[in-house]
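Which chain is which? The protein sequence lines are U and X, in order.
Just so it is clear: in the first sequence, position 139 is 138 by numbering that gives the first Met the number 0, and no numbers are missing.
Just so it is clear: in the second sequence, position 33 is 32 by numbering that gives the first Met the number 0, and no numbers are missing.
Hints listed in this document are in silico derivations from the structure and should not be mistaken for laboratory results.
Check before you lean on any hint, since a few could be wrong.
[Said to hold, decoys possible] With the Cβ distance kept under 7 Å, some of the chain X side facing chain U (calculated, not the full set):
{"hint": "1", "residue": "Gly60"}
{"hint": "2", "residue": "Ala62"}
{"hint": "3", "residue": "Ser82"}
{"hint": "4", "residue": "Gly86"}
{"hint": "5", "residue": "Ala88"}
{"hint": "6", "residue": "Val91"}
{"hint": "7", "residue": "Arg92"}
{"hint": "8", "residue": "Glu117"}
{"hint": "9", "residue": "Trp162"}
{"hint": "10", "residue": "Gln172"}
{"hint": "11", "residue": "Gln298"}
{"hint": "12", "residue": "Gly456"}
Note that CB positions come from ideal geometry on N, CA and C, so glycine has one too.
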Amino acid sequence: MRLQDIAEEALRAAKGDGSDEAEAYVTSARAVSVYVDGSKLKSVELRSDIGISVRVIKGLRVGQSSRSVAEVSDAAACGRDAAKVTKCVPKDPVFMHFPYPEKARSPGAGNSSMASLEPEELAHHARDVVHAATAGKKTSVPKGLARAYYVEGLVVNSNGVHAPRKTSGVYMHFTTMTLGSSRGEGEEYHFGTSLSDFDAEVMGKALKRKALDASRAKAFKGTMKADVLLQPQELAELLRGSVGFALNAENVNRKRSPWIGQVGKEVASSLLTIEDDPSNASGILCSPFDDEGVPSTRKKLLENGALKALISDHYNALLTETPATGNGVRRSAMEPMYQYSSPVRIAPMCAVISPGNKRPDEIVAEMESGLIVQKFSAPEVQPITGALALEVRCAQVVNKGEIVGTVDHCLLTGNMYEALRHISHVGSDATVSAGMNLPSLSVGGLELVGSG
Amino acid sequence: MRDLMRLAMDRMLDLKAEFCDVRSESTRDMRLMVVDGSVRSLEQDASEGVCLRARVGGAWGCASLVSAEKKKMLEAAETAVRSARLGNATGVRIAEGRTEKGDHRPKLKLHPAEVPIEEKLELVLDLDRAQRVNAKIVNSNSVYLEAIKRSTVMNSFGTDVSWEEVRERVMVQPVASDGGRTELFYDISDGTGGYEVVKAVDANAMGKEAAKEAIKMLKAEKCPSGKHVCITDPQISGLLAHEVMGHASEADEIVKKRSFLTDVVGKKVASEQITMVDDGTVPGAHGTIQFDDEGTRAQRTMIIEGGVYEGYMHSLETAAEMGVQPTGNGRAESTSRRVFVRMRNTFFEKGDWKLEEIIEGVKFGVLTDKAISGMEDPVGGGFEAKVLRGFLIENGEVTKMLRTFSVTGKALEILKTTDAVGNKLELDGGTCGKGIEDFVPVSSGGPHCRSVAVLGGS
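Isolated chain U (complex conformation) (with noise of 0.2 Å):
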């Protein structure tokens, strides 16, 4: 079935029921997944998926209905039943049409090597960094992912937009432990839209080194106020917290953004400068178009501190009068199936944080008392307070600029958006992360609290 027939044929339907406008979605997507249990393969998976999700306008009523296809009779109950769902709700001032079409402005990021990968090459890169994440046999490695996917999908609206992208990913993540009686373990991540720059011995090792600096962890005693290096995949997950949500116009428009009415104006340090770049080459949600068929465009979010711009879905950009800035997705970094389901959302194609020009271990050398965490419990922000504490699994104590210790089972304590206005300094380890590429940031203004 071509996604080009199963959106037509669902758009017919719609229209065919009285819909003034109708808008199709097709995902089609194939993922192979490698799960290791106990240093072994446990489990190699092929998965396909197939299917539409329809929005209509009726008298200025919304409708929206999706499913799973496997003929394209499918797509036209789809198309039906969004049809149908309109008589069922209030009209909507907002929402008067759907996108128009606009050339594409940026190139896609998705590799189609991805769309015939064997689950045997995916096997031997998992093989890989078990082997080296276990020489030494002092580590194992209890439980892994790799997962390797190629997503076609298509926009097609009653208005004559077409946007087709191609998207692929690859997304591995493994945890080390270390053998015997002091427990500590390691977790490494990769995301990449092939599998030409994954590095499996160097993971591998990564994964290593981290169990070994866990087992050596002792539990934090008293309180301690400290700079902190945070690195890339911890930060991504506190920047998507607080960043993302306050940068989000849907949140804006709904008054719970912190950062209401501050375009133009200084809401972090001068040393923070990001952008949102559709053309970035790592970027694994990377393509011309949104999932509303809008043109993806490169933009300055954060300037020097300065928040620049907003970023927004069509219906947000319709609530304020502003163009669309082509950020309505429905694609994930880690999960290739359902995204026909999934609800737009409003999110960057690819967060690129400028790089300093210091590594990360001439960070920490410049530091009087610090901290480098290697792994929180889990990196979440109140977003709209921006309150965080978060248990520490791993962190390197610094004092003078040396690695004094390594400490756990304690609570980093703060403020996200207060640290952000604190940063002493940006790494030059550029790293890619879902949806993001960033290096290490050292921040100010946290606490560090322990069980003494």
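Given the coordinates of chain U, work out where chain X should sit on it, guided by the hints.
Only chain X this time, still in chain U's reference frame:
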């Protein structure tokens, strides 16, 4: 469909799968969201899927697809067995046990498919209107969710069973601001069952109370930092049960010796006031299931009784590995996800203390109120719960409201300090991921529990 499933299973056995099963799912979901008084979205989804699973020499191969066409099903069967042969895990053969048959429907008073969308929408609009108690509420959010799932599992031992699960949920989340500070509060009502689960909700009271609490939180103060007496409310007690003790009691973590609870059966691990279960049969609870995704009937599994560790939760595979009976904990998020050991309703049993008595005995401490999130730590046994808010207790009395903070510490150390367990058990529904994906509906809970833990907020 059943014939095709049988055919695919036969093909996997012909290709020398030691064990295989085929699972089909048909889901009908609805999500209705009202924001600031307007319908933000009304989404319906109807998805079908099939997952074929083959086990060869301790490794699994899986293939999933949407289409149930014969040629594709047979290709998927071949893929599953071929994929299993790529694995190098070893293990004992899955033991042939009780087989399940029949088509099992839940007893619902009001099937959501029979309730007009207009009625559901009116409920959500009522929830949203009720939150607008005064101008300090700057944003109101109200959601209705329904999930209807029909599953069929066939396996090579002869199980051929179908069942339906229905879940309902409503939630409100008002955001309050005084121009300087902004805070949110939330409330949720959910469970397995028909539309009656949410029809029983007093929408006006639920929305209004949540809004009033959001406004009160604008005056909340910073939580004291350090090691203190902490009375965990049912949600935070539930996070301790679920995130630390629960995940570490999943037998797949035990088989590979990743859990800090490996080899503790029969040992004292907590205060004698602590009894903990994972129970898939609690009527109406959000994590209740009739069968797990391997077709094993749900049951009540004792994990800790009177402070002594009793046993683990099992799938077919881990039960075979450890030579015990499966407990009905083999679950998967969907046909696109693997089946492995997962919880259902996990909670501490109630004790005999009234909440007032628990508070009276505290000279200086904190009472938690509502969870934001928690995270498992099977290796280290660490506990982290992010708490929406709490209350300071001074000389046996609640004195101040506290804003968001976290509770942490080693779970076994916390449980050994537990000296009072409340007499009222509450369960809190949600979804549980293992690692950072594979989400399944569960509930967790317990009574108020008084222990010592590390606290920190900002």
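Inset, instruction - Just pull the numbers of the violated hints for me, sorted ascending. - result: The structure breaks hints 6, 7, 9, 10, 11; every other hint is satisfied.
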